[in-house]
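Novice: What follows is each chain in one-letter form.
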Amino acid sequence: MTEGLNAEDIKSIISHIKNIMDGQRDYLIDLDNAMGDGDLGITMTKAFTAANEYAQNTAEISPSKLLMATGMAIAKAAPSTMGTLIATGFMKGGKAIQAAEQIGLKDLAVFFEAFTQGIMDRGKSKPGDKTIIDVLQPITLSLHHSAKNDKSLSEGITDAFYISQQAVLDTIQLKAQHGRAAYYQEASIGKQDAGSTVGMLIMKGLYQFSKSNF
Amino acid sequence: MTEGLNAEDIKSIISHIKNIMDGQRDYLIDLDNAMGDGDLGITMTKAFTAANEYAQNTAEISPSKLLMATGMAIAKAAPSTMGTLIATGFMKGGKAIQAAEQIGLKDLAVFFEAFTQGIMDRGKSKPGDKTIIDVLQPITLSLHHSAKNDKSLSEGITDAFYISQQAVLDTIQLKAQHGRAAYYQEASIGKQDAGSTVGMLIMKGLYQFSKSNF
Amino acid sequence: MKKFINEPIHFVDEMIEGIIGAHPGKLGYAANDLRCIIKECNKIKGKVGIATGGGSGHLPLFLGYVGDGLLDGCAVGGVFQSPSAEQMLHVTKAIDSGAGVLYIYGNYGGDIMNFDMAAEMAEMENIKVEQVIAGEDVASAPKGEERKRRGVAGIFFIYKIAGAMANELATIDEVKRVAEKTCANVRTMGVALTPCIVPEAGRPSFILGENEMEIGMGIHGEPGIHRGPLKKADEIINEILPQILSDLPYKKGDEVSVLVNGLGATPKEELYILYRRVHHLLKQEDISVYKTYIGEFATSMEMAGASVSILKLDGELKRLLSKPASSPFFEQTQL
Amino acid sequence: MKKFINEPIHFVDEMIEGIIGAHPGKLGYAANDLRCIIKECNKIKGKVGIATGGGSGHLPLFLGYVGDGLLDGCAVGGVFQSPSAEQMLHVTKAIDSGAGVLYIYGNYGGDIMNFDMAAEMAEMENIKVEQVIAGEDVASAPKGEERKRRGVAGIFFIYKIAGAMANELATIDEVKRVAEKTCANVRTMGVALTPCIVPEAGRPSFILGENEMEIGMGIHGEPGIHRGPLKKADEIINEILPQILSDLPYKKGDEVSVLVNGLGATPKEELYILYRRVHHLLKQEDISVYKTYIGEFATSMEMAGASVSILKLDGELKRLLSKPASSPFFEQTQL
Ligand SMILES: Nc1ncnc2c1ncn2[C@@H]1O[C@H](COP(=O)(O)OP(=O)(O)O)[C@@H](O)[C@H]1O
Ligand SMILES: Nc1ncnc2c1ncn2[C@@H]1O[C@H](COP(=O)(O)OP(=O)(O)O)[C@@H](O)[C@H]1O
Ligand SMILES: [Mg+2]
Ligand SMILES: [Mg+2]
Ligand SMILES: [Mg+2]
Ligand SMILES: [Mg+2]
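Protein chains in written order, with this note's numbering: chain A, 1 to 214; chain B, 1 to 214; chain C, 1 to 335; chain D, 1 to 335.
It is worth saying that the hints were derived from the structure and are not from the lab.
Straight-line C-alpha distance at most 16 Å; calculated EDC-like pairs for lysine to aspartate or glutamate: (1) LYS46/A / GLU200/D; (2) LYS76/A / ASP33/D; (3) LYS323/D / GLU331/C; (4) LYS2/C / GLU235/D; (5) LYS2/D / GLU212/C.
Just chain A, same shape as in the assembly (with noise of 0.2 Å):
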């Protein structure tokens, strides 16, 4: 199996990513603001705009250097929670990623697995706490799995993006423990988690892109 994704696929993914977040603008809004500031749909497409006039502008062909300085675009882009957490998440993912030019499903996994841990690490967070962990953790161990079964980097995308929605209305019975949502204690059970919905746009950039090039 040589399917992988260079850096000129990692380029389109991040434009896809764009694409979707610009679209679910509103959405991200309202999901923000039910219990939050009604900043996300503003912050990430700020986020990716960045993100991707970045990418689309650099000659960078290490895959692992072109997902860090994604990374740093956001940051100094989009400062808040989920931007400085998503940065932060590009950044640890790309620098844990070995290959040269190109990613198989394990690198992807570990791509994931090092972008989780990196929010863990900076938002002093764990799985439950009704955060974006709820839906990268899943989507980290499905990539696992599938790399382990030798499944194909579009099957394995595939398993991940659906295992990402069905993770995203999963947050809808947990208690908010971190940010502004957890001001609202029992009250933020019954409510979809604004960051998780962030994590499953991003899957699914990767979902679209996969679909129409493998």
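Fit chains B, C and D with the ligands to the known structure of chain A by using the hints.
Specialist: Below, chains B, C and D with the ligands alone, put in the same frame as chain A:
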């Protein structure tokens, strides 16, 4: 003609004026709102409540001193433009009265003349400036005229009251030169002067007293 | 009416109780009347006393400027109402140290008459009184009729400069002279965005449409120059600043102090956005700015809006403006 | 949206341009980025640098406390948004004089993460960084969970006291110690009456009924303890002050400083009416007030509302609180 007003009569007149101001509170507010700050109904009820309180509780039998002290009570209770002007009027008017215990038509004319002059001095205003002067001056002239023609006190008061009613309407066509209304410049033409209305209502107090006592 | 109040009729007295309670050793009152505010300190023999007075609802005006290097006393009226002549007299007697008392107040009918009466009464008690009436709102009367103009935020400069002069133990004529010079050198123009509510009235005294502003409106809602749709911050300054500048006129090479005053609800962020444009335009006109004051100096309770005041400086005014001053509402160290 | 603004997206940068233009020689910026505000002065060798940062829309928070005896720098975010770690790093590098830099900021997720990142980056550049996170809003988390509490107006006290300590060339550990002591000794609770509008959003982030208030609401509209009909000023204080006092708890014989903070649109008159009741209740509890601060110290643009903060003093805190301080937004002479 022995008809005259003693201290008890004056106290009764003040209580008439107080009741009139209470009844016309909202009307005065509306008039003042059109080109001012709308406080006239509030300050005039305050002014004459204080005047009445003083008058009903004093043993003063000198009309001159009673009227002056009434002015001082008003100055303290209602230091707005109109409150201060009327206070000045009572003080100057009272001071001008020579009669010891009983005041006749001539004295009343002298009272209003000094009342008017006191306000003109204090307010640096003159007839035609669209102020209370434009009611007080016709009242003064009418009272002097009646006194000269030996009319009865009650006839003199009735004439002066009718004239004051007309004088209020005559202020409509004038252009305001003082106070907040002056900021409206040309736009003040066509609106009745609020302060002049107060002048007429004071005269109405005398008229009501005279109707029910003579 | 979303206000933190108890009974509306107690609004003023409870406010003063709060102020006196909050600033012990700084502010006290005379004649057993909370509305006769005086500076709590030993009188300085030979120092001219400076008194002001006016309606409530304009904090830090008027009583907020009673302090060191500023005013010595203030008679406090009801909301938007003049205090009484008697109260002014109490303040006058309490602050006179033999050098006379200067009244500085805004050009409003009720205040003028009461201060006039107070001055007459004070003179009967052998206190020398002089008066300076502030009126610098260019929107309130055309050039040539300056004496009809309303006094608004620019009165702050008069307090500051007269207070500094009095602190140097100047004679009452000298203090009056610099106060009048300041009056002559300051111009103001404002914009209102929303009305305010007098607690006892309980409803706004005027209405502005959802997207309307009034250029030149007075601090009690007196009519301005024109009402129209809300414009951008820069456009508003483009409209009002030239009217201020051409009135004095302020000229190329002049040195000025600028006061951008918030009327109450307008946040400091917006005042600085307005100042930004003032700064640019003054630079274009080659007028240099010695010192800025940006914040709330004369308000109308919760009215949204702002005014710009410009004071033209000369050596003397600049020196006096630079002096330290200190009250519970205003602090300035030597510039 | 009745605001003095130009394009909403330029709100923050134009505001900063206005501030920098208005206060030359006082405030400047680092790294050619207007949002990296630093004190304009010669660095004092051996003085700990103090930096803060946070979203815009809270003036005088945060950058308004950059000044003598206060903070040395501030990273400025978008409205209600954290500044970036990179901007914090720029400020850190610009203000470090070799004695290390202390970060003092409010307990909000975005700020914490970015300051953490900035601290890691600064340490890579061999700058010693320590952090103190302010969180004193008793309405935001129950006793026992103090670390979850939001930081609101009480942060002013931390700035003031840490700034005074740093001015004495204390070590970073000493400055951190008094900052943490201040944190531990201050409690705040607030009431919101109206929302504010984030310029880029253009509409209020929450709605309160015509006659409603929310006790305990945060300065970005975070939920409070309960929403109900607007009460009288005294009743509101009767409700919130005991919750503050019992939390620390403050006890008979304690000496405190009281901060009554306006959230933006609430006039000073009303803050003093609130203070009046605080004063009475503290007297009843035999708690003495050393110094009051009443005005706007931490706002939410044009939000109407207020908060009360109480700082329990000991000899050291009192001495540090009494020191002079001076910024374009805050002046205090030696008490
Ligand atoms: N400490 C944390 N660790 C991980 N995720 C977090 C943490 N705090 C908040 N989040 C996530 O961030 C989302 C909110 O992001 P954002 O709107 O940027 O926050 P804010 O506007 O409060 O800065 C939440 O829905 C949650 O998924
Ligand atoms: N200088 C003046 N001389 C005489 N009357 C005046 C003068 N200025 C105002 N007035 C009268 O006062 C009235 C307004 O009184 P009032 O409502 O008390 O004023 P304000 O509320 O502005 O203090 C006007 O209608 C006018 O009749
Ligand atoms: Mg948010
Ligand atoms: Mg009136
Ligand atoms: Mg205000
Ligand atoms: Mg304000």
